[in-house]
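Enquirer: Next come the chains, spelled out residue by residue.
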Amino acid sequence: MTASAAEGGVGLLLRELAPQVLGAVARRSDDFAAAEDAVQEALIAAASRWPAEGVPRNPRGWLYHVALRRLTDQVRSEVARRRREDAIASEVWAEWAFVPPPDVDPGADQDDTLTLLFMCCHPALTPSSAIALTLRAVGGLTTAEIASAFLVPEATMAQRISRAKQSIKTSDVPFSLPSAGERESRLAQVLQVLYLVFNEGYTTSAGPDLHRVDLSGEAIRLGRLLRVLLPADREVAALLALMLLTDARRGARTGPMGELIPLDEQDRSLWNRGLIAEGTGLVTEALTEGPAGWYAIQAAVAAVHDEAPSAEQTDWPQILALYDVLKDVSDNPMLALNHAVAAAMVHGPAAGLELLDGLDRDRRLAGHYRLDAVRGHLLERAGNRAGALAHYRAAAEGTASLPERNYLLTKAARLAASKDT
Amino acid sequence: MRYMLMMHAPRGTGEFQVSDWAPQDLKAHIDFMARLNRELTGKGELVAAEGLASPGQARVVRAAKDGVPAVTDGPFPEAKEFLAGFWIVEVDRAERAYEIAAKASSAPGPGGTPLIIPIEVRQVMSGPPEV
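Those protein sequence lines, which keep their order, are chains A and B. Heads up, my numbering is the position in the first sequence plus 119, with the first residue counted as 1. Heads up, my numbering is the position in the second sequence plus 5, with the first residue counted as 1.
Treat the hints loosely; a few may be bogus.
What the hints assert, rightly or not - Label pairs and their computed distance ranges (CB to CB):
(1) A:G400 to B:G79: 47 to 55 Å
(2) A:A277 to B:K70: 32 to 40 Å
(3) A:D291 to B:K70: 34 to 42 Å
(4) B:A53 to A:R147: 38 to 46 Å
(5) A:L296 to B:D25: 56 to 64 Å
(6) B:A75 to A:G477: 33 to 41 Å
No wet-lab data here; the hints were simulated from the structure. All C-beta atoms, glycine included, are put in the ideal place defined by N, C-alpha and C.
Required output: the full structure, derived from the provided sequences and hints.
Expert: This is how it looks when you write it as structure tokens:
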């Protein structure tokens, strides 16, 4: 095995062990922030030592031992500082003097990992803080890795993480599973954080830097973990399915110069059949019995696209039926746009345009470039070239995504050029 | 030494009206910029490269007395040029920054003719010198 392969193997092992060790340490400590710091230090120590010295026989026990040592050191120095400051002898540290030897395995308590996820995705945190903390505490990534994945300076990311932990402290979130009544809404938060991580990776995957952590892959890994923890939850299965079915198209989604290739122009032989099969299986499971949730319907739409042998053979009536159901589950205006596209594919562009007219009054969409992009697309299909051009150009003006702007400008340019032929 | 290379595009007139370009000219321009960034990354010179959203979305903000942001459309709708994007490069000497700027300036426009976009080159201030 090469050195870098050894490092890669160790890296993955550490990321798997991170939430288990942190769960065990956090249960012993009443200071989550300190526990998290201690585990992070243990992970960094392992990452530098294991590739050279070999992985210890009981890697989880090793990390647990080292993290508890660090925590004890922190408490000791804190006690010493207080002693110096106000001369009060405290025996607090004695409680921490017992650190189990490295061969003691704290075991992997699945509830601990689940508790961690709920804690890191707590509603008291802003989405960006929750994402950063989840990737570090549950994903086992270093601050430097998370910073480079989000293309921000490491100091910025470190601050974001420490503020997240501060929020947990001040809002007195206990290290325990949410009550049954709270559980559903808290799980929705966890799913949303994972989906945001996935999308961040999916939309910024054009970067040439191979050393960047693959955020989509990390979200999928955490989605698989959550699925192991909650095997009976259908929305958990659905989110994992949605991520797999979307990620399956990644290789076909951009051209050699990083340009966006829309679904109907993608080379479907580049789609990952293994991921599609896995995702389709999960969707089927998520759609059985009871009303389907938001992720389940989205995943079902993705599955219909992925199963179509060509863009022309896409089962649009089924997609339209799915969006009809989704309309009752969520009033997300972006989904309403997709609904209009599906309606146009089934009943012709006029039907889609009529739905768009209804959306003009939605204040959340007013002036949004996506509305212009979809309208341009439907007007083009309806043969209204001048209208389509105007809306493509307006959409290109409005988007903040460079590949998307280039795509929309190219669409407009092609349309303008076709006038002369 | 770090330099910021600011691309000032003349506002929507003549050959700079990108939305009027032929598809192949647009593609050549986009590919040119992508290749330039790849080249700079490959040489270890690229610190950052960002394109900015359209000037129609730009706003000028001033602090009002009560600290509430006072936001106006802007910067200057009548201005002839706007900042379209920038690079930050790390190079050993100013001449190399000028070379990169000249290359960016020669990005192809309609018919493949170099646009000769004006690029403002400014050195980025550094921390205190080591003693």
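Enquirer: Identify every previously stated hint that the structure contradicts and give their numbers, smallest first.
Expert: The structure conflicts with no hint, since it agrees with every one listed earlier.
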